Amino acid sequence: MPDAIIRSPRGPRPLPDGEPMSAADYRRLVGVLESVDTAADLPEFRERLLLALQSWFGYAGVAVLHGDTLAAAIEEGCGILGGYAPAFLAEYAARWRDLDPFRTERAYQRLLAEGVVTLEELDPSGDYAERFLRPHGITDKAGMVVDGGPAGVIYVGIAIRDTARVPARDLAVLRVLRRHLAPLAIDRLTRHRERLAARADWRLTPREWDVAALAAQGLTNQQIAARLFVGVDTVKKHLTRVLAETGSATRTELAARWHRQRRPQ
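Numbering follows full-length UniProt numbering, in which position 98 of the sequence shown is assigned residue number 98; successive positions increment by one, without gaps.
Hints were generated in silico from the structure; no laboratory data involved. These numbers were taken from a predicted model, which means no experiment stands behind them. The beta-carbon is built from N, C-alpha and C at its ideal position, and this holds for glycine as well. Certain hints may be false.
Unchecked claim - Pairs of lysine to aspartate or glutamate residues, derived as EDC-like cross-links and limited to a Cα-Cα distance of at most 20 Å, are as follows:
#	residue 1	residue 2
1	K236	E253
2	K236	E208
3	K237	E253
4	K237	E208
5	K236	E76
6	K237	D98
Said to hold, decoys possible - Label pairs and their calculated CB-CB ranges:
#	residue 1	residue 2	range
7	P150	D37	18 to 24 Å
8	R165	Q217	23 to 29 Å
9	A24	T240	44 to 50 Å
10	T250	P167	20 to 26 Å
11	H136	D233	19 to 25 Å
12	A164	E253	51 to 57 Å
13	T250	R134	44 to 50 Å
14	P135	E114	43 to 49 Å
Take the sequences, apply the hints, and build the full model.
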């Protein structure tokens with residue numbers, strides 16, 4: 001009986017010469033995508049992305065921020081951080097925030113043009129790294145932007161501690177990853193904008209929206225602080241403003257008002 005499959009003399013297509021990514025790198029790429037592709041909304045998407053980058057790449061610190069523009073995403077800090085010590089973040093906010101090479105117009109232009117940029121490319125003198133990062137054990141950083149066009153932007157910042165620089169193979173994977181993340185990010189960003197539009201009469205800041213969403217899910221102040229990587233006092237301040245703006249006397253009332261609003265399809 002003849003074979004059902006016509007045999008081809010050719011085997012699998014080989015990787016091109018100089019391919020910067022190994023089979024293991026492609027597995028990491030797929031692992032991250034599998035972690036985020038079923039996220040129900042933007043908060044879950046960014047949390048899964050953060051955890052996947054820590055798990056599959058072993059990054060010491062990760063930030064996943066979002067906004068209407070790249071500058072808004074980075075400067076307003078709406079999103080989550082993981083792996084950073086509170087004391088480090090406090091020193092950053094008090095002394096180094098305005099000196100961060102990633103918080104400059106030049107950095108925004110390069111990120112939007114190139115997609116992935118390293119600290120060395122933005123700070124060739126190494127002054128910021130030598131004076132602030134390395135004393136805290138961080139040896140290098142990189143930024144990645146996922147541009148969702150009219151839907152908004154997601155910015156991912158990573159910090160490493162075990163090698164002198166972000167490995168070239170990691171950068172290659174991140175450049176491919178951002179392209180595959182784009183349609184997923186656009187979908188979640190669009191749904192997020194629709195959700196905010198459904199509550200257009202609530203005049204909240206991006207961070208207050210985060211606190212409201214988590215409080216409506218039943219999280220305690222301590223849990224919200226851990227999720228957003230901020231202090232409990234900061235959560236209390238934001239929640240007070242949220243309750244006042246939404247006309248809610250209690251968290252239970254806030255949750256009821258939140259869930260009565262139209263959910264995007």
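Consistency of the hints with the structure:
1. K236 with E253: Roughly 16 Å separates the two Cα atoms, so the pair holds.
2. K236 with E208: holds, 11 Å
3. K237 with E253: Given that 20 Å is the threshold and the Cα spacing comes to 18 Å, the pair holds.
4. K237 with E208: The hint holds at about 9 Å.
5. K236 with E76: Answer holds: K236 to E76 is near 19 Å, not above 20 Å.
6. K237 with D98: With a Cα-Cα distance of about 24 Å, the restraint between K237 and D98 is violated, given a limit of 20 Å.
7. P150 with D37: 18 to 24 Å: holds, 22 Å
8. R165 with Q217: 23 to 29 Å: violated, 39 Å
9. A24 with T240: 44 to 50 Å: holds, 48 Å
10. T250 with P167: 20 to 26 Å: violated, 50 Å
11. H136 with D233: 19 to 25 Å: holds, 23 Å
12. A164 with E253: 51 to 57 Å: holds, 53 Å
13. T250 with R134: 44 to 50 Å: holds, 47 Å
14. P135 with E114: 43 to 49 Å: violated, 29 Å
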